[in-house]
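**Student:** Each chain is listed here by its residues.
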Amino acid sequence: MKEKSVKFKEVKNASESRRLFYCIVPFIVLCFMFSYFPLHGWIYSFYDYKPPLRLSQCEFVGGKWFKTLFSNKTQVAQMIQVMKNTFAMSLLGIATSFLPVLFAVFLNEVKCKWFKNLVQTLTTLPNFISWVLVYSVAFSLFSNSGMVNTFLQNIGLIQEPVKFLDSDSHTYLWMTLWGQWKGLGWGAIMYLAAIAGIDAELYEAARVDGANRFQMMKGITIPALMPTYFVLLMMSVSNFLNNGMDQYFVFQNSFNKEHIQVLDLYVYNIGMTGGSLSLATALSMLKSLVSVGLLVVVNMISKKTRGESII
Amino acid sequence: MKKRFLSIALCAAVLISGCFTGCGNQGSSSNQGQTAGQVQNQGNTENNSKYAEFITVDVFDSLANYQGIQSGWFGKIVKEKFNMELNIIAPNVAGGGDTLFQTRSAAGNLGDLIIVGTENGRMANMVTAGLLMDMSSLLSEKDVLKNYKIAIDKANQLAGKEGIYGIPSEISVRSPQEPAGGLEPMVSPYVRWDAYKLAGYPQMNTLEDFLTVMKTMQENTPASDSEKQTYAISLFKDWDGNMMVGAKNIASLYGYNELGFVLIKADGSDIQDITSSDGQYVRALRFLFEANQAGLVDPESTTQNYDILSNKYRDGQVLTSLWSFQGPSVYNTAEHKAEGKGYMSVFIEDSAPYCDGCYSEGKAQTIIAIGSKAKDPQRLADFIDWLYSPEGMEISGQANGAGGPEGLTWEMSEGRAVLTDFGKQALPNNDVTVPEEWGGGSWKDGVSALNLKTLCLGDFDPNNNEPYLETMWASVLEENNTEFDLDWQNYFGGARSTVEMLTKKNALSVAAGTSYTQPEETSDITTLRNQCKVVIVDDSWRMVFAADQTEFDSILLHMQETVKGLGYEEVLAVDMQNARDMTASQVQAVQDYNNR
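Chains as they are written, first to last, in the numbering used here: chain A, 1 to 311; chain B, 1001 to 1596.
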């Protein structure tokens, strides 16, 4: 009798887990299709691929393109400059990642409801504007005959237009500012949600103990946000090399290219603009490897220092 | 309660938007079905016995600047003659450089008709990849093959395989040493003639004198028609390839043209590395730099594109133009000429503007071909045959300045071709309503979007014994008799066009036309080339806009050292060899023509 029930339980368990497995199958398929299947394109980095020809008609060249990346000093210097840009932009992004936290905390203190909502909506909106449109706004404002230059010239502050877009001064700073303008409100959403989840009793207790607003922020809100902050921080570190290309692509020109060309943009410029698809594939493969390496390192550090890990 | 309301509202929003998108798709697809059906019916009613079925032909056209179905009067002519419509696929419009070509060829079907460049071994690659159809049997009885066999055979040597895979463009029956362009060379110093007149027709001995004249003109004509500040020079970056086009054009004033990273003198006597400090290209950069120092260069040059610049020319805001299609052709309207304003060429004594010679062997760099998966290849071959006929050239070539359909824009009168009143209004490219029986719509929108010069525009049309180029017709040249035109003509001793003026001064550098195309280069060279050209173009722009002479020199040095470090020498060696081969093939083309 007992045996039977165990067996029945096993059968039930098996069918239950199969059912659960079927539930996740679509997601496994999607994950495979969009994350693993495209990896077969890596094969292009081992061929001398010339577009009108099929891959089978092209010559197999092995690791040639990987060697090309480090073939001479100037090439290496270019790569180093690109990596510098990538690291600088990513570091600036991480260094400013506390801004959404502060923004969320302060916004939460605003008691006037409609104003709070208005601010939140207005700061979230830019996230939905594509970089192309952001650039066209930037262009109409800051180009040589744009609004800002025309205004400054009309009131007589400057004689010659200031070159905001086509100069290489403070490129990193400008790019970070544009990124913040676009991403601040959106980044704060997650923290606002986290704040909403903090137990109200904590605040009441603090208030009874005579804590003022800043003490409550310091003692309750910010510590409560830290887990969220660290998860996001870890994810942004694993995306260290992935700072996207749209923003830099639209803002790039002959004058600022030296400092704006991040890794993704470099890959695009070589592959799509330059037409060297195999070389670009090799480069992006290296990038993936470095990214995986970074993620593992960050995960290890996180495990050691905070006892939490994400993989 | 509130949350529940919110979730319901969200669900509703998703549902509704889902419905709308669904409807939208359905609506548009049924619309498409309808229009296709309508067109089909029309096709059947106007049935052309030879071509029973109405088809849509996908044209992959590297030259087109319009994407979509060919509409208007040209579309109607094609439909009546061939019962088909042209769906133009234009990489120029789609953007992204070569991407469209690459993705479409990777999919194994470029299009039904293909108009494409053949440089760098691309023709052989397309044939190997099975993208092009062998047209030998399709063309066997056609005039195009009978008339232009030499050119077609020459071009198909590139295919690496027996057969006719493509037909070259701009085929001419004239000598390779005659200028192909007709009235205007590739470049010439066109200036606002009114400003030049105000300055007192100053003589210019060297390029550097041109700077002084520009300065005077910018002072005497400080405002454009819409009261905007004028600049002597305005540049744009869209067309930069191996080098900065704005600077290359100045080198072309002295008879040089580009091939990779070298500049070749029209007669082949001089081949220069563009990065060399005492070469023509760096001289041109220095000229632009000095112009910028003198406040003559439009500060918007760095950010504007071709369209914005064209609008400035339309407004007369830029005082010089090196291309005839930029300044003169958009600004020299009848009204402006009547006001005494317009762009005309001046002459710099030591210059010798570059001009392409006629392609007696066809221009194999650009071909028209039939795709290997084309629906009705025989009909497409008929269409190609028509494009290379005098009538096809008049009509399709109108996009490049030919006369257009006889009876609509021009007619024979007393044995000469003359423009009709409609033609005078509509040509070259104006927004005039076309009569309903010719298809209606705007003339400008109906012009052939193929943008392919099948035959040489300067060649004679047997139908009217005039060149195809309508502006060269005797009856049209006579009309250039405004005070403005006469002033220019008198100044240059009765010359009626820039080419005539330069020929009289014996200062036109005609590069013999040849079917030479750059052979395939290894991927290493291509990769190096692409890396070097980015450095060259970027640094050229930075040099022009450098703050002072020291910065100019340091950027020049940066450019030279960076490209050298990347392996520029290897690319240069290839280009030098190509340049020598091209020069040799020019000599050969002239000889072959003379022996014909």
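Please note: incorrect hints may appear among the correct ones.
Said to hold, decoys possible - Okay, the calculated bits of chain B under chain A, using three or more residues with CB under 8 Å as the criterion:
# : stretch
1 : 1081 to 1093
2 : 1121 to 1127
3 : 1299 to 1305
Simulated from the structure, these hints should not be mistaken for laboratory data. Quick reminder that beta carbons are idealized off the backbone N, C-alpha and C, glycines included.
**Student:** Of the hints stated earlier, which fail here?
**Tutor:** Structure breaks hint 1 only.
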